[in-house]
Each structure stands twice: as structure tokens, then as C-alpha cells.
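*Asks:* One-letter residues, chain by chain:
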Amino acid sequence: MTDMAISVENVSFAYDGDDVLDGVNLRVEKGAFLALIGPNGGGKTTLVKLLLGLLRPRQGSIKVLGKDPVQDPPDVGYVPQHAAFAPSFPITVRDVVLLGLPGQKSFCFQPSTSAAASAGSVLSRVDMAGLAERRFDTLSGGQRQRVLVARALISSPSLLLFDEPTSNIDPQGKICLFDILSGLRRSITVVLVSHDVISAAAGITDVAVINKRLLQGREITPEMLELIYGVHEDSCPLDGYLKTLSAVLEKPEQNRA
Amino acid sequence: MLEALSMSFFQNALLAAALASVACGIIGSLVVVNRQVFLAGGVAHAAYGGVGLAFFLGLPVLPCAVAFTALAALITAHCTFDRPERTDSYVGVLWASGMAFGILLINLTPGYNVDLMSYLFGSILTVPRHDLWFMFGLDLLILGLLHFRYQEFLSLSFDMEFARAQGLPVKRLYSLLLLMVAVAVVMVIQVVGLILIIALLTIPPMLAETRSASLARMMLAATAYCFVFCLLGLALAYQFDLASGASIIAVAALTFFAVRLVHRWRAP
Chain A
1 MTDMAISVEN
11 VSFAYDGDDV
21 LDGVNLRVEK
31 GAFLALIGPN
41 GGGKTTLVKL
51 LLGLLRPRQG
61 SIKVLGKDPV
71 QDPPDVGYVP
81 QHAAFAPSFP
91 ITVRDVVLLG
101 LPGQKSFCFQ
111 PSTSAAASAG
121 SVLSRVDMAG
131 LAERRFDTLS
141 GGQRQRVLVA
151 RALISSPSLL
161 LFDEPTSNID
171 PQGKICLFDI
181 LSGLRRSITV
191 VLVSHDVISA
201 AAGITDVAVI
211 NKRLLQGREI
221 TPEMLELIYG
231 VHEDSCPLDG
241 YLKTLSAVLE
251 KPEQNRA
Chain B
1001 MLEALSMSFF
1011 QNALLAAALA
1021 SVACGIIGSL
1031 VVVNRQVFLA
1041 GGVAHAAYGG
1051 VGLAFFLGLP
1061 VLPCAVAFTA
1071 LAALITAHCT
1081 FDRPERTDSY
1091 VGVLWASGMA
1101 FGILLINLTP
1111 GYNVDLMSYL
1121 FGSILTVPRH
1131 DLWFMFGLDL
1141 LILGLLHFRY
1151 QEFLSLSFDM
1161 EFARAQGLPV
1171 KRLYSLLLLM
1181 VAVAVVMVIQ
1191 VVGLILIIAL
1201 LTIPPMLAET
1211 RSASLARMML
1221 AATAYCFVFC
1231 LLGLALAYQF
1241 DLASGASIIA
1251 VAALTFFAVR
1261 LVHRWRAP
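Line order of the protein sequences matches chains A and B. Going by the numbering used here, 22 is the number at position 22 of the first sequence; the sequence numbering is gapless. Take any residue in the second sequence, note its place counting from 1, add 1000, and you have its number in the numbering used here.
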């Protein structure tokens, strides 16, 4: 159990009587890089909220880093989707990163020297140190996402949760982000939530697909694709797409090269 | 104009403008970055219920209005936090019912002789000295809360989902924010009146937002803008015998449109 970063046992959850998760099991080892894939409405965000302790399961148990996330919020770095931010919010890149260290920013005083140094260090890790004094709203989508990764990393968490990190960023931004995530492998457990199977294929060690139920494995299987997309006739265009997808996902390392 | 500075009512007006500017600059900035302008408008109009209650019960207007508006703000915070998609509907209810409650209570007040217009459009030239002390106390309260809770408010305003994931008490902070809006609103009623409050809560912060590198600097710049608008508006009102509240807002609005035009003209 101690080698498990996440342990979800038979968890169910419903919003207003509508089941969103039904008997979900998930085990993520420390140092793993898990892609959690599912369609919109499949329960991805609900599971993330359960892992963060923002929701309480109707049944079952959840342990994150050995703790019940509702009772004792674990040391988790969280990167939400960036699309929700006010477009012209007056804040610098450095101050966004410092939000990951509660109690370090006051109205009247500058952050402590150690906090400022930590912010500089994590910004270097995501290759954004040169833009520390820039306003966040002047950055591109990919740069913003790297800053949010730095904000999640500044508290040196043992687990990183990414919610749709590649939505709203260009292909170049995606490549940069996955480079950063690859650099984190083994030093930290990463859970990457995505509806995009192709994006999630880059650099992962474990896969879980979710659509009310959850299937987990080392790689994507036809059963997992069936859980996400359903079963289709040979003549259906989606069937052709799924076959191509299966071929692409068979050897992700080769495809990335 | 200079002779006016020697008159005690004008000195009080300047002090009231300075004190209200601090509240407007700070709270207005939070209202603008949290996109709660309509919500602040609802709280402002609910304050009229507090004014009516003060006259009906024969209590001092400012403390009674603060208490009533704070209660309305807390109820609104509770309703809109849990159901944010219905915020506009809740604000509509708050807006109209607060006004109606205030008007009815003033109607029911025996032998009342209240200048309603002074609460609707402000009467900065008649602010008494004891109200200045009350406004000073409210400013200290706002500054104290800001000093101890700045990063929490920054986190809440920038990314509520992340703040929640960090374990911050976001609902309590949201309620506290609306409580501060209520305090600011009641302070500014005396300066420009509840109909025009929304302009002082939005125009100075919007002007400050584009050039500020942080929320704190936005608050400071908005406070300065607000005070300058109040001074110029008061000067105009004194010189041409105009309504002070409307003059202040007219100066702010003209500056806002002029700055926007210059930005547009300079933009590539």
C-alpha cells in the first residue's frame, strides 16, 4: 500500500441521483505517469475532484498518498484547465507561481527571499525564467500552461494532477508541455486527464479509461476504446477511425520518434 | 474655489472623498477582476432597504445601512455561490426588493421628512464629522482584511478551482468579499448615491487594470483615480452649481471614454 500514490476502491458517485461513477477501482504506483482518458461527461473531472477531496464518494474509499483526501488534503500539485481565467487579470508570471505557496504574498510586503528563489527555480524548470516579470495575460496559451505547471511544482508535491492540459494550446505548446512532463517522470507521480487519446499516448506508463466505469492497464486495449467510444459496425466511419487509432497507439514510442 | 477649502463642510467633503476612494479602489478592483459588477449593483440597491430601516426605527443611518446591507450580501453570497448560473436572477430579486423595502419603510415612518434624493444621488457636501469617523473605521477594517487575506483573495479571484484544491475556504472568502462590497457601498452612498455607486466601483479599477502589474497596484492606482475624480467633480459642482455626485461620475466617465479612445487610436 505504501508504494501506491493513489488507491481508489469501488467508488461510486452521483449528481442529483444521476450516476457518474459506478464501482470505480484505480491503483497508481508512485512514480507512474498515468493517462486518464474519457469522453466529455464520462466522469474524468468528477474523479479528479474526488482525488482532490473536493467531493465525497457515495460509496467506496479513496487514498491519495496514503491519506483520505477529504479528511486530510494530500500534498498534490493541481493544474486545472486554463480557459477559466479572466483575460486581463493584473498579475505577473512570478506572482502566479507564488500562489502555489500559500501565505507568501501579502498586500504590503514582497515575498520572502526563499519563496522568490523557489519561484525562479521552478520557472527555470519549465523554461520560463526570463518571463518572470511579464504579465500573465500577455503569454501564449502554451506559455501559460507552463507557468501553471510551475505553480503546481513550487510546493514540491509528490503527485501532479493535470486536467486537460493540452486543450486550447497549439501543437508546439503541446510538444513543450510533454517535454516538461517527460522530465518529471519517475521523480513524481503524474496523472494526466484528457479526452484526447493521441495526446495522452506520449510518454505514459499507465492508462485508465473512464466512462462511468473504469478500465486500467499498461496500454490502451480494444476494450478500453470500446468503453470510450462504444461498439460500431464495420461500415461506420468511427470504426475506421478506431482501427487507425489502435494502430497508432500500439507503439507510441515509435510514433513519437 | 480656494475659499471653499476654508469651509468646514467642504473639508468634510474632501475627507469623505478620500475615505470613500480607499474603499472604492480596493473593493472596486476585486469586483472588476471577479466580474461581479452586477452583483455589486444589486448589493448597492439593497442598501436602500437599510436606509429605510434606519429611518423607520430612528437609528443612525450609516451603521444601520451597513448591518442591513451586510446581511443582504451574506444571503446573496450563500445563494449565488451554490448556484452561480442563477446569479443574475438572484441579483434581480435583491436589487428590486431592497429598493421596495426601503421605500415602504420610509412611507411608513410617521412624519418623515427625508431627502430621498440625497441617498439616491449622494450628498457629499453634507457629510457630518461623526460619519467621517465611521467611514475611517470601515476603511481600517477593509485594509486589515486585505492585509491578512490578500493572497487568499488573489488566489480566489485568479483561479477559484485551484484555490479550492489548495484547501482555501473559498465560500467563506467569497462571502467576505461580498461583505466588503456591502461596506464599500454604504460608504460611497454619501459621496455619489446608490444609483451612481457602480460607476465609482468600476471606472477607476478598469482604468487601473490595463497598466498594473499586480492586483495590489491596481487597487492603489484605482484609489488614486477615484480621489482625483472626486476632487475634479467637486470643483466642477462648486464652480457651476451642479449636483456633486453626478459631476464626479461625469468626470470619471469622460476620462474613461477619452482613455479608451486614445488607446484605440494608438493601437496598431
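It is worth saying that the hints were derived from the structure and are not from the lab. Treat the hints loosely; a few may be bogus.
Cut-off 27 Å, straight-line C-alpha distance, at most; resulting in silico cross-link-like pairs (BS3-like, lysine-lysine) [said to hold, decoys possible]:
hint	chain 1	residue 1	chain 2	residue 2
1	A	K30	B	K1171
2	A	K63	A	K49
3	B	K1171	A	K174
4	A	K212	A	K67
5	A	K63	A	K212
6	A	K67	B	K1171
7	A	K49	A	K212
8	A	K49	A	K30
9	A	K30	A	K63
*Asks:* State the violated hints by number, sorted upward, taking the hints as numbered earlier in the document.
*Replies:* 1, 3
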